[in-house]
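Please construct the entire structure, taking both the sequences and the accompanying hints into account.
Those sequence lines, one after another, are chains A and B.
Residue 262 in full-length UniProt numbering is what sits at position 262 of the first sequence, and the numbering runs on without skipping anything.
Residue 347 in full-length UniProt numbering is what sits at position 347 of the second sequence, and the numbering runs on without skipping anything.
Hints should not be assumed to be uniformly reliable.
Partial selection, computed: residues in chain B whose CB lies under 10 angstroms from chain A [said to hold, decoys possible]: (1) 14; (2) 98; (3) 253.
In short, the hints are calculated from the structure, not lab data.
Backbone N, C-alpha and C define an ideal beta-carbon position, used for all residues, glycine too.
There are 2 protein chains.
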Amino acid sequence: MSSQPAHPTLLIPGPIEFDDAVLQSMSHYSESHVGPGFVATFGETLSMLRKLFQTTDPSAQPFVISGSGTLGWDLVAANLIESGEDVLVLGTGYFSDGFADCLRVYGANVTELKAPVGTKPQLPEIEKALSEKRYKAITVTHVDTSTGVLSELKELSALVHKVSPDTLIIVDGVCSVACEEIDFDAWGLDGVVTASQKAIGCPAGLSISMFSGRAMKAVQARKTPPAAYFASMKNWAPIMQNYEAKKPSYFATPSPQLVHALHTALSQILSKPISERFAAHKAGSDRIKKVVTGLGLKQVAGNPAEQAHGMTAIYLPEGVKGTDLLPILGKKGVVFAGGIHKEIATKYIRFGHMGVSLLDPKRTDVDHALKSLEEGLAECGYKKP
Amino acid sequence: MSSQPAHPTLLIPGPIEFDDAVLQSMSHYSESHVGPGFVATFGETLSMLRKLFQTTDPSAQPFVISGSGTLGWDLVAANLIESGEDVLVLGTGYFSDGFADCLRVYGANVTELKAPVGTKPQLPEIEKALSEKRYKAITVTHVDTSTGVLSELKELSALVHKVSPDTLIIVDGVCSVACEEIDFDAWGLDGVVTASQKAIGCPAGLSISMFSGRAMKAVQARKTPPAAYFASMKNWAPIMQNYEAKKPSYFATPSPQLVHALHTALSQILSKPISERFAAHKAGSDRIKKVVTGLGLKQVAGNPAEQAHGMTAIYLPEGVKGTDLLPILGKKGVVFAGGIHKEIATKYIRFGHMGVSLLDPKRTDVDHALKSLEEGLAECGYKKP
Chain A
1 MSSQPAHPTL
11 LIPGPIEFDD
21 AVLQSMSHYS
31 ESHVGPGFVA
41 TFGETLSMLR
51 KLFQTTDPSA
61 QPFVISGSGT
71 LGWDLVAANL
81 IESGEDVLVL
91 GTGYFSDGFA
101 DCLRVYGANV
111 TELKAPVGTK
121 PQLPEIEKAL
131 SEKRYKAITV
141 THVDTSTGVL
151 SELKELSALV
161 HKVSPDTLII
171 VDGVCSVACE
181 EIDFDAWGLD
191 GVVTASQKAI
201 GCPAGLSISM
211 FSGRAMKAVQ
221 ARKTPPAAYF
231 ASMKNWAPIM
241 QNYEAKKPSY
251 FATPSPQLVH
261 ALHTALSQIL
271 SKPISERFAA
281 HKAGSDRIKK
291 VVTGLGLKQV
301 AGNPAEQAHG
311 MTAIYLPEGV
321 KGTDLLPILG
331 KKGVVFAGGI
341 HKEIATKYIR
351 FGHMGVSLLD
361 PKRTDVDHAL
371 KSLEEGLAEC
381 GYKKP
Chain B
1 MSSQPAHPTL
11 LIPGPIEFDD
21 AVLQSMSHYS
31 ESHVGPGFVA
41 TFGETLSMLR
51 KLFQTTDPSA
61 QPFVISGSGT
71 LGWDLVAANL
81 IESGEDVLVL
91 GTGYFSDGFA
101 DCLRVYGANV
111 TELKAPVGTK
121 PQLPEIEKAL
131 SEKRYKAITV
141 THVDTSTGVL
151 SELKELSALV
161 HKVSPDTLII
171 VDGVCSVACE
181 EIDFDAWGLD
191 GVVTASQKAI
201 GCPAGLSISM
211 FSGRAMKAVQ
221 ARKTPPAAYF
231 ASMKNWAPIM
241 QNYEAKKPSY
251 FATPSPQLVH
261 ALHTALSQIL
271 SKPISERFAA
281 HKAGSDRIKK
291 VVTGLGLKQV
301 AGNPAEQAHG
311 MTAIYLPEGV
321 KGTDLLPILG
331 KKGVVFAGGI
341 HKEIATKYIR
351 FGHMGVSLLD
361 PKRTDVDHAL
371 KSLEEGLAEC
381 GYKKP
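The following block contains the structure:
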C-alpha cells in the first residue's frame, strides 16, 4: 500500500510514477556533500551506474550532475566537439532537433539526416552520409520521446565502427536507459546521456551519463578548453572519480537528497538481472500496443520494429480531439501527455509505461489506463471498428 | 519533534539543516511538469522569489533551474557577457576566483581586483578601477563562503551607478540570499544568483536567480546568441514567464519535488516580515561571534563590519589541527566545515548558522555547537586565554 496520498496516475513519458522507497529517500536528512556518509552513497551510486549501462571498462566514466536531462546535450556539445567540427545528427523528431540546436550553440557544424515523422534514418542512408564527410561524432536519439520511435543501437554502432571508426557514437538515452537494452561496452558506444525521471525511476533533477575511455580521451585532447563551465567534463571528471573512490571532493554542490533517491532506484533496478527488466518492458509494451491496435488506433511509430518499449505515441482517431480526451482521462485518474512533435502535435497523445507502473505487480496502472482510454474514446464519440 | 531520524547537526555553510515540512515536500507524489497542479506551484514559487528579493519591478525576471549554485555563474557569463567584453570581478576568495574562471570560459576579459585574505576590495580602489575601463559588468560575492567576508552591496551599487552607470551589477548571493538583506530594486542590482541549499533552506539542486529588466534587455540586445544551451536565459525566460502566468510550458524538465520543497521553504520565509529574518540572522551571528571571540579565537574576516551573518570562519588556535578538532566535534554530533581558501585552508574552520538551526526556537543547534567547540578545543589541548 502506498504511503503517498491518492493522486492521478502519471503515465506520461517522464516524469513517471516513483516507488515509495525512492520518494522516501528524497526526504533524507541533510548531510554534508563532502562527509563520509554521503561520499559513500554517491560513490556507490556511480558504481551502480556502470552496471546499469553494462560497462566493466574502467576507463568509462559515469557522471551524475544536478540538472535536467537537457544538460547532457551540453556535456556532449561543450566537451566532445570543438567549434567547427562536424557532427551527424540522426533526425527522429523534437528531441533530435533539440540536440542539434544545442550542438550548434557550441559551434558544431551539424548535418541533420532527417527521417519522415514516425520513422528513423535507415542504415544505408547513414552509411552514405558517413562516407561523404569525416564526422567527429554521430548522435542518435535512442527513443525520441516526441514520436516513440526506437533506434537500433547495436546495428547502428556496428555500421559506424565499420565505415567511420574514428567517429564518436553518442546516444540520447533520456527515454531509453533502464527500459531499453543498452550494452555500452559490447556495442562500442562512446556516450549515453540520460535523466533521472524516466525509466530509472528517480525524481527529475539529475543529468546522468556514461562516456567511454575514448570519449574521455577526446575531452583531454581538445585544442581549446571545454566551452562551458558548469557543464565542463574536465571540471567534473576528477570529482566523479574521487567520489567513486570514496574520497571527498568539490567542484559544485551536488544534491544529496536526489543522489540518495537515485541510489535507492538503482539498488532496486539491480536487485534483479537487468535483462529481465528490459524483457518486462518489452512484454508490457507489446501487450499495450496490442490493445491500442485492437481499439483501431494507429501509432506514430508505424513500423513495429521501430516502436519504443517505454512509451506509445498514439494517433487520435478522426474527430477526436486531444483537448477533449486528455481531460476525460484525467477525471478517470489517468494522466497521459499531449503531442509535442510540431508537425503533428494536435493529432496524437503519448502514453508512458516505464518503471513501477509496468513492473510492480501490486499496481494496476496500465490496465486502468487502457480501460480508461477505451472508455474515454467512447465518451468522445469514437466507435471502435 | 522531528520526524527525521537522529543525525549529526549539519552546521556547515551549506547545505544547512532543513525544516521537516520542507523535507516532506521533497517526497511529493509524481506530477506532470506541465500539469495544472505543478504549474500553479511553480508559478507561485517564482512570484514568492520576487518578495524574497524585494523586487516589485515587473521587468525583473526570476529563474529557477535544476542545477548547482555554480550554474548561476554560467547564466551570467553565457548570457550577460559577450566574448571580449570586460568584467570587473571583486576578489574576496575561492568563490570570486571561481566566478572569474567561469566568466573567462565564455570569453569575458576579466580584471580581478583582489583583496588580501579575509578582506574585500575597498570602495576607493573599486572607483579607480571603474574609472580606468568601461566594464560591461562588475561581480561581487556578497558573502564569500571561503572566508565569511561580507560585501556591502548598497554602497557598492551606489558607487557603480555614480561612476559607471552602464555597468551591470551582478551579485553572487549563494551564501547571502535569505540571511543578508538584499533590496533588489532599491539598490539597483542587475543580477543576483544563488542556490537552494543555504539560507533559503531547501535541499541542493536548484539554481535560483533574479535579473533586472536592464539585464534582460542586455540579453536580448546580444550581437551573438547566448553561449550556452541549457544555461541560456533566452531559452528559459519565456518558460519562467509562462509558469508564473500559470501556463504550461516546456524547455527542459524541471524537478517538481525540488520546486515543491522550495515552495514550502519560501512560504515559511515569507510568513513573517523578511526584515525580521535578516535581523534574527544578525543577532544570532553577533552572539556566536561574541562567544568565539570570548574563546580567544580570531575570525578570518577580521573587520567586524565585513563579517557575514550566516557563517563564521574561525582561525584555529596555534597547535590545534582541523583534522583533529573536526572529528571530535563530529563525535559530539556537530558537523563544521574545514577551510577551503587555498592560502589558509588548513588553518581555519567554518561554522554555518543559517535557517532553522538559528531561527527555530525549538532547536538548540547553535548552543550545542558553541559548547562542543569549547569542549573540543580543550580536548585538543587548547587553553582559552
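Hints versus structure:
Because the smallest distance between the Cβ of residue 14 of chain B and any Cβ of chain A comes to about 7 angstroms, under 10 angstroms, the interface hint for this residue holds. The beta carbon of residue 98 of chain B is positioned within 10 angstroms of a beta carbon in chain A (closest approach about 9 angstroms), and the interface hint is therefore held. Because the smallest distance between the Cβ of residue 253 of chain B and any Cβ of chain A comes to about 5 angstroms, under 10 angstroms, the interface hint for this residue holds.
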